[in-house]
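Asks: Knowing the structure of chain W, use the given hints to seat chain B on it.
First to last, the sequence lines map onto chains W and B.
Going by our numbering, the first sequence opens with residue 7, and the numbers climb by one from there.
Going by our numbering, the second sequence opens with residue 179, and the numbers climb by one from there.
The set of hints was computed from the structure by calculation and includes no laboratory data.
Quick reminder that beta carbons are idealized off the backbone N, C-alpha and C, glycines included.
Be aware that a few hints might be false.
As the list claims (entries may be wrong) - Distance windows between CB atoms, simulated:
1) B:T356 / W:R251: 47 to 57 Å
2) B:K265 / W:F282: 26 to 36 Å
3) B:V457 / W:A66: 29 to 39 Å
4) W:P273 / B:K355: 17 to 27 Å
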Amino acid sequence: MSDLITSFWQTYNTLFYTVFVHGMLALSIYITLSCGQLSLGNAAFMGIGAYTAALLTMKAGAPFGLSLIAGGFLPAAVALIIGIPTLRLSGVYLAMATLGFGEVVRVVFLNMKITGGSLGLNGVPLKTELWHLILVMGILIYFFIKLRNSRFGRILEAINEDEVAASVMGIRATYYKVWAFAIGAFIAGVAGGLNAHFTFFISPREYGFEPAVDILTFAILGGTRTLWGPLAGSTILSILPELFRFLGPYRLALNGIILVLVVLYLPNGIVDRDTFSNLKKFFKKEENA
Amino acid sequence: MFLQQIANALALGAVYSLFAIGFTLIFGVLEVITLAHGAVFMMGAFAGLIAVTKFNAGLASTLLASMIVSGLAGYLIDLIAVGPLRKRKFHHLAPMIATIGCATIITSTYQGIFGAEAYRFPFDFVPSTSYDIGGIQLTLLQLIIIGISLFLMIVLIFFLNKTRWGKAVRAVAENPKTAALLGIPVEQVFRLTMSISSAFGGAAGVLTGLNFNTIHTFMGGPILHRGIAVIILGGMGDIRGAMAGGLILGFSEILSVAYISSDFRDAISFGLLFLILLVRPSGIFGKVIERKG
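Next up, chain B with everything else stripped away, as it sits in the complex:
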């Protein structure tokens, strides 16, 4: 029973990590909390759904479709709403408010198109086989979710540490002005960060849609709250922290449902968050930085 819960918690936590990693990357580089990340997540799920139902796409191309759509959405959000605010010196909350506006636009447009009902992937999109690994029953779906999440996170870490553009992203996160003086195209780095992070949000969307086999237009809200909890848990702007925080939240939710009560699942995760903020506001991995953001 306990081992079985671990499998569920891993699949849930992996998706949380994937969502939060983009969220935290945006905060680390742009110093903006994008409250549109939940809406972007929902867009990714619907893009995947359309790829499967309308175009009969396989798993890889479904994932690709959702990442492209969400990445494009992130690019546009930065181009239209967040980017122009960087050039002028504004209230430090302005970019966050702009992303609230974007989230409202996206969500209500999608609600206009798709309505309030829940959609499903075709029945046998992922065959319902399961494997016995060391006494734990893992379904193929759970393996796929954990595998894709891990793969994407490893690719991101490789990108940030080993490639030219990845190093540029890290330099800008450290200090945009110095990075600009060193000849790094800071604006493009900002836009690239928004696109990549949003693409990760979209991937998390399609994986969540597969995990619970429901997709609806207000699925962005709950994941956004959890994303906030995760990046605070792990330390804002810290990628390792987002990965660890996602798993911690996944485990705490699954275990509290299994052993305490499903009613208080959200209260436990947010109570945990509240406590962390009081005891150690910088999170598990974070440094204490006084930021106005």
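For reference, chain W alone in the conformation it holds in the complex:
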């Protein structure tokens, strides 16, 4: 039995790690979505974090914790700088601006010497362990639970409901939007740093347009009204392609079909605010019957 578990773990531990990293990325876009802003730049922030952390451990010999934190702060700083002008934009314009930013970042990675160009960075030391991921995820979940009833969280929700009304009530909408954007970038950067230290290899391709869309998909599939939604979405979309590996290249089509079905039939995503209470009610009824 224990042999079975060991071999199972050896086969699937990368997948397990990936689920955690995808969960963090989904949360990184959840915070900007929760104030009504669509950012397609999170993959780029993840990339900045990944390269920063990997280069610090590889070239400067920095301790892992320090590299991770630096890999969070650098993207957050970049987000603050580009956020101030871009977050005056809204809706599609913001989405497109962050998309443009993401492409610029990708091309910069492609052409810099220190990032290894299109070949990427090879031989990033394997430092990420399961407890690192669990710890970071635990901190994030705690943060988001606390956020919900905090002043900051309520301000974000007010901006999401109606930005004009929120501004009329004296909320500096752009200020809080920029902070949400920077926190999202920080989370994405840390996730990128963690990811780089167990995949051994990173390249610019991993931080382009498709990953940005994937991150958005995690959050939308799971639902953006509670923090459990993005986590559920990212878990499902990370595991499904593995389960359907036998479908070969067609397995991604399945992701597409699920996405369309969810958008059509579960407009608030898989996990909504009343999902848990509904489930409880459902099981109570079963017991009574």
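Replies: Only chain B this time, still in chain W's reference frame:
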């Protein structure tokens, strides 16, 4: 040398315009960014390829085949994924996400069928003659690409300005509710817009395939990014803007490759886009509209 670059830039820019014009029309009428437009473009290229290699089609019927296949794809995307979302009041990003799903389905199905390799048109499909026009060497292929793109764009503008259905499309773009009150079949107009725009995307696909003589299943990604850049450059929903934006992008790419470095081609176009958004988010021709989309 410089004049020669102009010929290349015109051919490239014309295809960008053709792609972006459909993209911008969909945004103008449906207020949806269809991220499936790149996949539809790729479908058009493959439809053209099959028409040539399997059925020995000529240039006109190749173009027609790709436009029909892509137009049909656009119709189906609207029928299955985007259309049903209009009837219910959903998150304003829902239609865009649905098109991401469609793009994934199309691209991975095509990858399953055609694999990852690059395909080519038969060697002498377009004879490699070239003409000297005012000191510029234009190949027959470049002339064909520029000519077809211009022709299709003129037809579209004529359609929108002079025909009954075209006027209906413009009315719906202005305000769907008022248009419905005036008795315009809004649903059909939406579907027609998706089909026409996608057909234009397919035409751009086959022309790009001819221009570079490579067709592969992931050719939709890069053009989609460029399409986004073009319609922002020109102002979202604005057809003149898409035409001008396509040419600007074509020129900026060709000139940056020729005079700066090919490495930073994408960075220059997207850097330009980023700057435009900061300085003038509404684009060159666009009006400032607060939209949730």
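Asks: For every hint, state whether the structure bears it out.
Replies: Outcome of the hint check:
no.	hint	verdict
1	B:T356 / W:R251: 47 to 57 Å	holds, 52 Å
2	B:K265 / W:F282: 26 to 36 Å	holds, 29 Å
3	B:V457 / W:A66: 29 to 39 Å	holds, 38 Å
4	W:P273 / B:K355: 17 to 27 Å	holds, 22 Å
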